[in-house]
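Number of protein chains: 2
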Amino acid sequence: MDKKTELKVSALENGTVIDHIPVSYVLEVMRILDLEDYNDQIYLGANLESKKYGKKGLIKVSNRFFKDVEINKISLVAPTATLIEIRDYSVSRKSGVTIPDTVAGFAKCINPKCITNHQQIATKFYVTDKEDIKLKCHYCEKITKRQDLHFL
Amino acid sequence: MDKKTELKVSALENGTVIDHIPVSYVLEVMRILDLEDYNDQIYLGANLESKKYGKKGLIKVSNRFFKDVEINKISLVAPTATLIEIRDYSVSRKSGVTIPDTVAGFAKCINPKCITNHQQIATKFYVTDKEDIKLKCHYCEKITKRQDLHFL
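Chains as they are written, first to last, in the numbering used here: chain E, 1 to 152; chain S, 1 to 152.
These aren't lab readings, by the way, just hints derived from the structure by calculation. Computed from a predicted structure; not experimentally measured. Careful: at least some of the hints might be erroneous.
Repeated chains share a single entry, so a pair holds when one copy, or any two copies, can fit it.
As a list, the in silico DMTMM-like pairs of lysine to aspartate or glutamate whose alpha-carbon atoms are at most 20 Å apart [unchecked claim]:
(1) K55 / D37
(2) K108 / E70
(3) K51 / D68
(4) K130 / D148
(5) K67 / D40
(6) K142 / D88
Given the sequences, and given the hints that come with them, work out the whole structure.
Next comes the structure, spelled out in structure tokens:
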């Protein structure tokens, strides 16, 4: 390593790497997964070189494996993401994220007048655009876009 | 490297490493330095092992060197931070941050009634506690604490 100064990053023993995150959504992915308050090791890289996308973001989380609902959240803000699960230093699973056809119970409708924002009714959306990510509310039919997405 | 999966982190050619950030203030340091919208490479590590502090955060920013006012901001949210400037792959400067005695023009007073929040008057504070970080407003004398700090 001669005289160069490197950030030493140890191999991940157990945990998940979220790769190919669109550059402007890296911190958003941190937020939706509640990683801001996580108390095990996290590495985050922003504006890294990517052959496929030019630039990308990446998050590496020790001792954490994501549930389906969390992976659905990731798919809506980072549709290009790849999830790599590491167990005992080896890749145990590698997959893209799949954008669901319906999103039930975990996203908030952008329409302040929507019934789901006033009564105890679980939200439900149809994903009408899987490229730009647009969610159409089952109740009020208003469209919630990717940049306006808030999770419950 | 046998079969272990590592996050490859390239050596920093030019830029700054902010080391020894208190764990709960890593993303706050990102925010106060406007690194959320920065478009060159950034690495962030949270909950890394530290001999000195148990756990620490670290941020590595390519092609960025911080100005005095930015270093003053860092000192107020991360008083334990070490700044390491890298030029041409070598450490050109390494220093702790120094908490200033007075903070003028870049922090916001927590008192909504303070004149600085209503008129075009630059804020000014005296740092009355350099351990817990407490800023006493020159105008209204109210105390703004570290966790309530907002920068202008």
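*Please write out, lowest number first, the hints stated earlier that are contradicted by the structure.*
Violated: hints 3, 6.
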